[in-house]
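Number of protein chains: 2
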Amino acid sequence: MATKKFLLNENDIPTAWYNIVADMVNKPLPPLNPATKQPLNPTDLEPIFVRELIDQELSQERWIDIPDEVRELYKIWRPTPLVRATGLEKALDTPAHIYFKNEGVSPVGSHKLNSALPQAYYNKKQGIKHLTTETGAGQWGAALSFACSVFGLDLDVFMVKVSYNQKPYRRIMMQTWGAQVVASPSDLTEAGRKILARDSHNSGSLGIAISEAVEKAVLDPGARYSLGSVLNHVILHQTVAGLEAEKQMEMAGEYPDVVIGCFGGGSNFSGITFPFLRHKLSEGKDIRVIAAEPESCPKLSRGKFEYDFGDTVGLTPLLPMYTLGHDFQPADIHAGGLRYHGAGTIVSQLRKDGYIDVDDIPQLESFEAGRLFAKTEGTIPAPESTHAIASVIRIANKAKEEGKPCTILFNLSGHGLIDMSAYDQFLAGKMKNYSLSDKEIAISANALEHLVP
Amino acid sequence: MATKKFLLNENDIPTAWYNIVADMVNKPLPPLNPATKQPLNPTDLEPIFVRELIDQELSQERWIDIPDEVRELYKIWRPTPLVRATGLEKALDTPAHIYFKNEGVSPVGSHKLNSALPQAYYNKKQGIKHLTTETGAGQWGAALSFACSVFGLDLDVFMVKVSYNQKPYRRIMMQTWGAQVVASPSDLTEAGRKILARDSHNSGSLGIAISEAVEKAVLDPGARYSLGSVLNHVILHQTVAGLEAEKQMEMAGEYPDVVIGCFGGGSNFSGITFPFLRHKLSEGKDIRVIAAEPESCPKLSRGKFEYDFGDTVGLTPLLPMYTLGHDFQPADIHAGGLRYHGAGTIVSQLRKDGYIDVDDIPQLESFEAGRLFAKTEGTIPAPESTHAIASVIRIANKAKEEGKPCTILFNLSGHGLIDMSAYDQFLAGKMKNYSLSDKEIAISANALEHLVP
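Respectively, the protein sequence lines represent chains A and B. Residue numbers for the first sequence follow numbering that gives the first Met the number 0, so the first one is 0 and each next one is one higher. Residue numbers for the second sequence follow numbering that gives the first Met the number 0, so the first one is 0 and each next one is one higher.
Looking at chain A on its own, in the form it has when it is part of the complex (with noise of 0.2 Å):
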C-alpha cells in the first residue's frame, strides 16, 4: 500500500531558523522612525520588544539556533506530518500531485504556536512578566495564551471586536489556558478610546489591536509587546515548518513545483515557501511559490510598496511594504487572519524582485474548496487556509487541462473548528464574494507618503 503521510522523528526537528534576509539579493529596506523618517535605532524598539527578539528582527545571519528550551516544547506537537492529499487528487481527477504540511496538528489548532513559544521563551529569559498582544480571528491569541500559560506571564490579548463577538469559542480557549481577553476598540486604551469616540460601534480590525496592545505594553516598564505575523523574526521562527517539509518532500521521493501558502501578514506562507525559495535564491532551482490572498484584501496583487505604518493609530515604526494604506477597512469575510492592510517587509521585497506570485481568492471559491478538501481528507480547514487550497485546486485543474503532472505542496495553517459558523453560512447559500474597484482601492492607498527611495 502507498504511504500517505511522511512522518518524522523528533530529532528531526531543526535545530536552527532559517533567516532568508542572508540569501536576498536586495535587501530589505530599513524600518524608519515614523517622527524623523531616518532608520530605526534598534534601542528604539526595546519598550516594545526584548533584545533578543530585536536582534533576530535585524539579523543577516542565514541560521539562527533554535534554544533547547524551545525545541523540548516544539515536541509537544512538532514535527508535524506532511500528508499526500490523495483523497483530493482522486476527486479532482488531476495528474497533479498535492502534498501538504498539517500544520492544523497543534494543540492550539495551527501554525501559530511555532513563533508564540520562542517569543514568550525570549520575554521570561529577560525578566519580562507581561506581554500583550492582539488578535483577529483568534489564531494568535490562542497560541500566545498557551504559550504564555507555559513560561508563567500574564496576558492581555486584544481581539478585534467583530472576532471577540463572532468566535466566542477563540476567546474561552485563550480564558481556558489564562490570557485576559478584552474586545478591541476598547476603553483601557488612548487609541482604543480615540476611536469609540468617533465611532463608538466600531467592529475593531487588526490594525486597531495592534495600536492598543502596543500602547499598553509601553506603558509598563514589565511588559513587552507580541505580534504574531508580519515582522521578520516571526517569520524566522515559522521556517521549521518549511524546514521540516523538505525533508519530508525527500522521503516522499519529490520535489515540489509549486509552493502555496494563505496570505495575511506573511508568518504562515513564509514558514513553508521560505526553506524551499532559499534554492531558487542560491541556487537559482526552478521552483514557483505562490502567495493566495482574498480578493478583498489584495495587498500583495493591487497595493503599493510604500512605507507605511503597520498599526491604524499610527505608532509602530514605518515599514516598507506592500499596502492598501493602514486605514483599509477590509471587508468582514470569515477569514479574519487575511484581514491586514500589509505585508511583511521581507516579503514585500521579495515580491518587489518578483520571487513571489499572488492569487486572489474570491470568499466563495476559498468556502468550496474548504468544503471538497472536508470531505475527502476529513481535516475541515481553517478559513485562511481554504485560500491556500483553492489555489492548488487551479494549478491542479490546469494540470489536468493540459495532462501535465506536476507536485504541489501548500500549508495547512490551521484546522476550522472554531470557524464552523462560517461553514454554516457556506452551506445555507448566504455567503458572498466582495470585490474591490480600483477607485476603492485608491482611496486608502492615497494617505500613503512617498519614503521609498
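Do not rely on the hints blindly, as some may be mistaken.
Remember, identical chains collapse to one label, so a pair may be satisfied in a single copy or spanning two.
Using 20 Å as the maximum straight-line C-alpha spacing, the simulated EDC-like pairs for lysine to aspartate or glutamate come out as follows [to be verified]:
{"#": "1", "residue 1": "Lys399", "residue 2": "Asp92"}
{"#": "2", "residue 1": "Lys246", "residue 2": "Glu9"}
{"#": "3", "residue 1": "Lys399", "residue 2": "Glu45"}
{"#": "4", "residue 1": "Lys26", "residue 2": "Glu189"}
{"#": "5", "residue 1": "Lys374", "residue 2": "Asp153"}
{"#": "6", "residue 1": "Lys4", "residue 2": "Glu68"}
{"#": "7", "residue 1": "Lys399", "residue 2": "Asp67"}
{"#": "8", "residue 1": "Lys351", "residue 2": "Asp331"}
{"#": "9", "residue 1": "Lys303", "residue 2": "Asp198"}
{"#": "10", "residue 1": "Lys4", "residue 2": "Glu88"}
{"#": "11", "residue 1": "Lys397", "residue 2": "Asp359"}
{"#": "12", "residue 1": "Lys123", "residue 2": "Asp219"}
{"#": "13", "residue 1": "Lys89", "residue 2": "Asp67"}
{"#": "14", "residue 1": "Lys374", "residue 2": "Glu68"}
{"#": "15", "residue 1": "Lys431", "residue 2": "Asp198"}
{"#": "16", "residue 1": "Lys431", "residue 2": "Glu282"}
{"#": "17", "residue 1": "Lys4", "residue 2": "Asp67"}
{"#": "18", "residue 1": "Lys438", "residue 2": "Asp64"}
{"#": "19", "residue 1": "Lys74", "residue 2": "Glu88"}
{"#": "20", "residue 1": "Lys431", "residue 2": "Glu71"}
{"#": "21", "residue 1": "Lys403", "residue 2": "Asp331"}
{"#": "22", "residue 1": "Lys124", "residue 2": "Asp64"}
{"#": "23", "residue 1": "Lys160", "residue 2": "Asp326"}
{"#": "24", "residue 1": "Lys26", "residue 2": "Glu60"}
{"#": "25", "residue 1": "Lys89", "residue 2": "Glu71"}
Hint data in this document are derived by calculation from the structure and do not stem from the laboratory.
Dock chain B against chain A, hints included.
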C-alpha cells in the same frame, strides 16, 4: 533531550483487531430476542446490520483482519502519537510517569473514526446506500459523517436535542461532510412522535435517538443502522488504539501499571485497555484498568447486572449489561458521550468477573483536571476525556503521597474545541455537580426484568 512523543510508522498500524472474547474466562451471555426471551438468532439482526458486522459481533476469533481499504484510510491520521505528559507530571510534582494516547488528532477530533470507517466500508461492500445513526455530543455522528462521505453513503443522524441546540458547531461539521442531521426526538419516526406526544419539550437522550435511528433503518431495505459504542464489533475496531499504544510503551521502555479510559458505552475505554488486559487474562500480568465514569451516570459502580434494552423505547435486543435502567434520564452534564444508561456486554462481564475497576468522577473535578491538562500539555480535552484525566490525577497524587513511582497510561479520546461553552461555564463558576441518591438509582432499575441466570 528526553523524548516526549513516541511515533510509529504507517507500517506499524495493526493488520488485525483484537477480540478479547477469545481470552475471556466467562464468555458474555448471549443477547436475547425481547419477544421470546430466547438467545437471538444472528439473522434476526440482518435488518439492522450487514452480515460482516453481525459476524464480528458474535465472533470468538482472537484476531480479525483489518481490510486493506480500511487500513489505507486509517493512514489519514494513524498511527496516533503516544505522548509523555511531562508538563502535567511537573505541575503535579508526582513520581508517576504519565503517558497518553492522543486519539484527538483524528480529522474528526476523536477516536470514533476508528469504527466509523470500517462500518461504512462493510455497509458499502454489501451494497447498502444509506445509514442511520444517533449521536449525543456529536463525536460519533461527526466520525460517521466523514466516513460516509468517503464511501459515498447517505447518512441520517438523529442528534440528541439538547446537544443539537447547545453544540451547533458539531451539527455544522456533520453537514459539511454531507450528512442530514435532525434533532431527536423528531416527528420523523413513530418512536419520536410517541415521546413528543407525551412530552413535547423532551430534550432527548441517546436511548431515544437510538430508537429513532433503528426504526428508520429497519423500514428501508437499502438502509442499515450504525452504532458508535456498546456493541462488540465497535469495541473490536477501537482496539487499534491500544494495540498501537502497546508498541509505543515498548518504545518508551515502560509497561503501564494502570490503564485508564473514560467510560460511556465502552468504545474508548475498551479500545485502550483490552490489548493490555489481554495479558492479564492470558498470562496473569499484574495490570490495573480503570473506567472513569461520571458520578451522575454511574452504571458500572452502582448499576445492576441485568438484561436490558440498548434504547429507551425497547426496539433493540436485550443485552446483558451493567445498567441504570433503559429509562434512566441522565443529568445534563457536558460530557454528552458519557450520558448512557448501560455498559457494553463484554465490559459488563469483565467488570462482573473483577477485571475492571471504576472511578466515579464529579463534573467539577473533571473540568479542573481538564483545565490543568490544557495549561500544561496544550490540548483542551473533550469533556468526556477530562474524566480519564481526573482519574489519572487521583493515581498520580496517591503516588506522590506514598512516594511510590508508577506508570499510568490513558486515552485522550478527543479534543474539546467544540465544547468550549462548557469550559466557559466552568471558568465562570457556573458549573455544578450532580450526585445521585440510592433512591434515585433504584427507581429506574426497578423496571428491569431478572433474566440473568
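To test your reading of the hints: which numbers does this structure violate?
When the structure is compared with the hints, numbers 3, 4, 7, 8, 9, 15, 16, 18, 20 and 21 turn out to be violated.
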